[in-house]
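Participant: Read off the chains here:
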Amino acid sequence: MTTSSKSALAQGTVVTGRWKGGRYMIQRLLGQGSNGVVYLVKQLDSAKLYALKMGFDTVDIQSEINVLKALQRQSHRRGNAGRDLSYLVEVDDYTLQGREIPFYVMRYVKGDPLRSFLAKRGGLWLSIAGLHLLRQLRQLHENGWVFGDLKPENVLVSPYGEVELIDYGGVSSIGRSVKQFTEWYDRGFWGAGGRTADPSYDWFSFAVVCIHLLAEEPLKRAATQLPQTRSYNDLLAIIRSEAALSPYRGWLERAVAGNFRDTAEACQLWKELVTSPLSRRRPRQKTPRWMLGAFALALTLLGCALYLTLGF
Amino acid sequence: MKQIMLITDGCSNVGESPVMAAALAKQEGIIVNVVGIIDYGTIGELGSLEISEIAKAGGGMSRLSGTQKLAQTMQMMTRKTVVQTIQHAVNKELRQILGNSSFEDLPPDQRSQVVEVMDELSETSPLEIALLIDASASMKPKLAAVEEAIRDMMLSLGARKGNSRLAVFHFPGPHSGEDAVLDLDWTTDLGTVRSIFQRISMRGATPTGPAILKVMEFFQYGTLKGHESKNWMEETGRGEGMLGDYVV
Ligand SMILES: Nc1ncnc2c1ncn2[C@@H]1O[C@H](COP(=O)(O)OP(=O)(O)OP(=O)(O)O)[C@@H](O)[C@H]1O
Ligand SMILES: [Mg+2]
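Sequence order for the protein chains is A and B. Under the numbering used here, the first residue of the first sequence is numbered 1, with each subsequent residue one higher. Under the numbering used here, the first residue of the second sequence is numbered 1, with each subsequent residue one higher.
These aren't lab readings, by the way, just hints derived from the structure by calculation. These numbers come from a predicted model, not from an experiment. Glycine included, C-beta positions come from ideal geometry on N, C-alpha and C. Honestly, I wouldn't trust all of these hints.
Claimed, not checked - Footprint (simulated), chain B over chain A, 3 or more residues, beta carbon under 8 Å: (1) 57–63; (2) 111–118; (3) 150–158; (4) 168–180; (5) 264–274.
Stated by the list, open to error - What follows is a set of in silico ranges between Cβ atoms, one per label pair, in the way DEER data are often shown: (6) Ser201(B) x Glu183(A): 28 to 36 Å; (7) Glu162(A) x Glu120(B): 32 to 40 Å; (8) Asn13(B) x Gly194(A): 36 to 44 Å; (9) Gly250(A) x His175(B): 37 to 45 Å; (10) Leu98(B) x Glu183(A): 55 to 63 Å; (11) Arg261(A) x Glu116(B): 53 to 61 Å; (12) Ala8(A) x Glu45(B): 40 to 48 Å; (13) Glu183(A) x Asn163(B): 24 to 32 Å; (14) Ala8(A) x Glu116(B): 25 to 33 Å.
Based on the sequences and whatever the hints tell you, model everything.
Facilitator: Laid out in structure tokens, this is it:
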């Protein structure tokens, strides 16, 4: 059923659209998931680079395209409030060995998946990338959609922390059921709520993504215990005890509990958190008493030194 | 829409052929999906062959899965089956309108509209799923995982806009000739159910075929006692009570 067409097309293959005749030359494989294969392609007429996704299943890929189209219509109506207009480029079929393979062409997003971005840049950059990501989610939510399958692989990050969501296969309109999700980031998996698409579903996934990126081991332990004992209290315990998460603690607690008024508030609070110098990223440890004493002494000495230097 | 999801880890060995039973179910408008559980050793060549044969005859799909991935596998199969059932119906309609073409042959813009309708239907049509769990001895260590997967599935079903309900059976029953036991009558919420499988006494036999036939009966009459014997059961007053014992 979904086995055919899984072997990658060779570099240099020209994919010609059955209906619109667009021609795209395969440059290389970008990635492969459960819904399709994504290639980097060059549009032959313009020599521009795009990403081209070939679907395994006509209905699935078409619903994904429908979401992208709806987002585009919305952004058109609202004067570019939604997804930017150039994202979805073309929709067509490719005939390969007598079979029609549905595909769509989209903007090629340069950038690293969130995890490798942080590996390169350091964990502190989660504050920036996280803010961008929340803003993307906010746009989606305000247009009536929920992303659903939020996970690090579906977030591509530019060198300076700008974020693009890819893979709209899991997007549902608010009030519907979430149709695609990944265990660890799914609130149902943690017994923390249902699978109805609402903004808090994405907040929860976002929080688990943060935990996954900054405290992988404890998350893994909690996720692989017996399902009967797994609960969202395990997540709370991790949030409260892991030093790496301490800058985000209050925010994460609210996110897993679905405790924001809306995504605008979630953005705002995240922003305050990462821009306030006090909570500045580095895990804040309680300063030991003796150190405070030493600090006071140093200040006194500094004062004396200044006094002497300035020659009062 | 009606679906049977059979969860097993081996071959049937008694009674009617499960492939034939599945073919019958399909005739009755019930799709049969099969998950073969592969923890603790494999399901065997014969087992996997039977699984895919049952699914083919039942108009559904079959998958092999470890208990770890069970919930995910069941969710995916259910969703896909719903979409495919609707796709079949839509294609039938289209064939009437367009001659011998299916929606895959439509130009992208029209296809987009058709899929919009299909998505709407997938979300809103009523859905009834009967889970049929093989409770032969080898399945014993896997039942906890199966129960978790069932709870997870109810969570996904509960989020649908359309009415969705679920019933759970295991087979075989404690007495010979008892081909399937109802563990949980139609429900839309597992919140109050403490434990699904209570009264399982493991026996060696695996009467998959007869169990499928029983569940078909249940779809039709809402009881496992069959149409004819229903009156007798009500008279003696045991029917309700017995079922009641299995439903917590
Ligand atoms: N627009 C794009 N630009 C660059 N790379 C992309 C783009 N779209 C997808 N990719 C790459 O292709 C991979 C697979 O794409 P995508 O996630 O859309 O597939 P999928 O089949 O929906 O996967 P999943 O299993 O997550 O549902 C991505 O992880 C990413 O690396
Ligand atoms: Mg993906």
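Participant: Could you run down the list of hints and mark each one as holding or not?
Facilitator: Taking the hints in turn, this is what the structure says about them:
1. 57–63: holds (count 5)
2. 111–118: violated (count 0)
3. 150–158: violated (count 0)
4. 168–180: holds (count 5)
5. 264–274: With 0 residues close enough to chain B, the hint is violated.
6. Ser201(B) x Glu183(A): 28 to 36 Å: Given range 28 to 36 Å: holds, Cβ gap about 33 Å.
7. Glu162(A) x Glu120(B): 32 to 40 Å: holds (35 Å)
8. Asn13(B) x Gly194(A): 36 to 44 Å: This hint holds: roughly 40 Å between Cβ atoms.
9. Gly250(A) x His175(B): 37 to 45 Å: Hint violated: Cβ distance 59 Å, outside 37 to 45 Å.
10. Leu98(B) x Glu183(A): 55 to 63 Å: Taking Cβ atoms as reference, Leu98(B) and Glu183(A) lie about 41 Å apart, which means the hint is violated.
11. Arg261(A) x Glu116(B): 53 to 61 Å: Distance hint for Arg261(A), Glu116(B) is violated at roughly 32 Å.
12. Ala8(A) x Glu45(B): 40 to 48 Å: The hinted range 40 to 48 Å is violated for Ala8(A) and Glu45(B), with Cβ atoms some 30 Å apart.
13. Glu183(A) x Asn163(B): 24 to 32 Å: Holds, since Glu183(A) and Asn163(B) (Cβ atoms, about 27 Å apart) stay within the stated range.
14. Ala8(A) x Glu116(B): 25 to 33 Å: Cβ of Ala8(A) to Cβ of Glu116(B): about 31 Å, so the range 25 to 33 Å holds.
Consistency note: the structure conflicts with the earlier hints numbered 2, 3, 5, 9, 10, 11 and 12.
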